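Participant: Protein sequence lines correspond, in order, to chains A and B. Counting in our numbering, the final residue of the first sequence is number 1174, and the numbers go up one at a time with none missing. Counting in our numbering, the final residue of the second sequence is number 1174, and the numbers go up one at a time with none missing.
Treat the hints with care, since some could be wrong.
Remember, identical chains collapse to one label, so a pair may be satisfied in a single copy or spanning two.
In silico lysine to any residue, SDA-like type, Cα no more than 25 Å apart, as pairs [to be verified]:
{"no.": "1", "residue 1": "1052", "residue 2": "868"}
{"no.": "2", "residue 1": "1021", "residue 2": "868"}
{"no.": "3", "residue 1": "835", "residue 2": "1047"}
{"no.": "4", "residue 1": "1094", "residue 2": "979"}
{"no.": "5", "residue 1": "1021", "residue 2": "894"}
Simulated from the structure, these hints should not be mistaken for lab results. Predicted model only: the values in this text are computed from it and were never measured.
Number of protein chains: 2
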Amino acid sequence: MTYIAGSYTTKFGELWERDLRSLGIEAIEGALKDANIELKDIDALYVANMAASRLSGQDHIGSLIASELGIDVPAYHIESACASGGVAVRLGHLDILSGESKNILVLGVEKMTDISNSGVTAALSGASDEEWEAFYGATFPSLYAMIAREHMRKFGTTREQLALCSVKNHAFGSKNPHAQFPFEITTEQVLDASPVADPLGLLDCSPISDGASAIVLSKEKKSDVKIISSAQAQDTISLHKRNDITELTATVKAANKAFHSAGLNRNNIDIVELHDCFSIAEILAYEDLGFAKKGEGGKLIESGKTGPGGSLPVNTSGGLKACGHPVGATGVKQIAELASQLSGSAGARQISKNLKYGLAHNVGGSGGTAVVHILAKVG
Amino acid sequence: MTYIAGSYTTKFGELWERDLRSLGIEAIEGALKDANIELKDIDALYVANMAASRLSGQDHIGSLIASELGIDVPAYHIESACASGGVAVRLGHLDILSGESKNILVLGVEKMTDISNSGVTAALSGASDEEWEAFYGATFPSLYAMIAREHMRKFGTTREQLALCSVKNHAFGSKNPHAQFPFEITTEQVLDASPVADPLGLLDCSPISDGASAIVLSKEKKSDVKIISSAQAQDTISLHKRNDITELTATVKAANKAFHSAGLNRNNIDIVELHDCFSIAEILAYEDLGFAKKGEGGKLIESGKTGPGGSLPVNTSGGLKACGHPVGATGVKQIAELASQLSGSAGARQISKNLKYGLAHNVGGSGGTAVVHILAKVG
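Just chain A, with the same shape it has in the complex (with noise of 0.2 Å):
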């Protein structure tokens, strides 16, 4: 079995005074306090990152982040692209069910904004298909807005019902002290703002982000919190591959497994932390983890039932989009928030004291990777 000890995360945002290696101990140190577990008690340590690479010239970050903790237990550097966060929990999941590792440090860190706009763009086009995709130009915005328009054109989803993704998560976001973009916006923002690429605007995609979340997972139970199922599915890299671009199928996948491992079914969820990485996505995510019928994520969303006040909650920090999105961290931060909520240590964002079951999806690319973590509040 496995527990959430404790998380921490750090501010999200354009943080120009910090760098990699601090945004990843502050997270690090954080998460122990929140455990009350020292660090000579961890066992090994699992970050995800995905760009450092490109974006610091910094390859071996397992290495670099256990240097300077002054630690020799094995450390990890797990790459999934934006789903680097979620697939790093799972494979320390994996450690403790293996019985190598009592306390397992998860680190999700990723400092973005050392470098042109143009560069972080290049970078993140390496999670799409590198000679098949991005060669030819197609960004990760591109994409998603060809999801987008083939939703719209199949469904009838309106471009209100992707503007209103964004301002649910802005609403959840503005209560979050460590989002970088806390507070509310209103439909009519988002529908005026800068195209980026038809038919999302600026105000539908999640931005370039520094930041860290860390967690300490445990066999012993040091919380309330544990994790019941990991799933993890892959589809194709590329979108042409595909039958159909309306569905992430690594996403249905991941999500049926999980609930199959769990016992549970999707009204037993109480909250969710999903990949918003662009509007778009929140649409789709709200269908294929079965929350709501094929082409009736639009629906949902205007309902309010995964807003404010609503009965399922949907990215209470703020998501990618308001929370922020440092590639990395994503995933981990998901988790720690899920942890935070079912734990009644949320603070201002507290949903409620009664949750019982939270459920994070991850996505790598544009649904090549995708994986669903299922945690419980124990008694």
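Since the structure of chain A is provided, determine the placement of chain B on it from the hints.
Facilitator: Then chain B, alone, in the frame of chain A:
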């Protein structure tokens, strides 16, 4: 229990007509055939790769290879610089132990020749401390040259002893059809080669290589070769933080853990594949793995014990020097070579039919990471 069900290594070399995908797929198809396991029975894929991000603009390598294979099971990209392969084998082994998977593919792959030599040198320097080593111009040959100089000063290790490591590895490599340099060289040739970073010359350095190696790990007994211990340790990523640069302390710690866990002594080991990225690295490894006392690695290579006909053959594949060093592939190839030797299927380079225990040693950077595996032939 984890068995090495099968393995396959592609030709290593300057393979101008091959790309990362085709090398990876060739290795995987070969390993599945060798293991007599079908792709549909594989539960997870671990891909070791260091530098595709910078060398090919491609991240998300787990997704890329899964996509190419058309599989939807979890696919992971593991990066630990030149130790990526050994670390991926270790994580695959933990996955088996966790009970999550029955059959696992571990692929190591690197495509290094489609970029300038200076581009490759810069990419490789990402394994060191970018801020405190690479930024100031320290390349890997220069870091290991500093280690060599200090080892020579402190212990009287000679230039000729360094050269003998390369001569020995080429002698073994001359029998390996997959080797990048399948021919013998002389001590004179090593001593006369162009200087790279004094005292290391061109023939003291492992080459830039393309290649891939894959193994299948199985929970069930599908072969006579199993992993009996897996250990990993970390040290500072940068040399200047160490008290003594004549020892790779991560190797010492990983080796001690591996022997303790296996319940074996050094003299139980029949065959070794170790990390000879530079000739001095082989001398260090002799000492740090415990096959020679500190400072006496030079004497061990002189004795002939680790060469053809010796009682402790080291690097029968040709090592990194003669077989080649496609970075992500190396740690997997080491395990593949030991599995072939232990199972008696190494063909022209088969050392003996009576090998029982083999040790693999894989290093990341200048010793920031070290991984040691011990394999055993079972009845």
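Participant: So, for every hint listed, does it hold in this structure?
Facilitator: Quick rundown of the hints versus the structure:
1. For the homomeric pair residue 1052 and residue 868, the shortest alpha-carbon distance between copies (11 Å) is at most 25 Å, but the shortest distance inside one copy (32 Å) is not.
2. Proximity of residue 1021 to residue 868 under the C-alpha cut-off of 25 Å is found in both arrangements, the shortest distances being 24 Å within a copy and 24 Å between copies.
3. For the identical chains of this complex, residue 835 and residue 1047 are inter-copy neighbours only, at 19 Å across copies versus 40 Å inside a copy, given an alpha-carbon limit of 25 Å.
4. For the identical chains of this complex, residue 1094 and residue 979 are intra-copy neighbours only, at 21 Å inside a copy versus 71 Å across copies, given an alpha-carbon limit of 25 Å.
5. Taking identical chains as interchangeable, the C-alpha atoms of residue 1021 and residue 894 lie at most 25 Å apart whether they share a chain (17 Å) or sit on different chains (18 Å).
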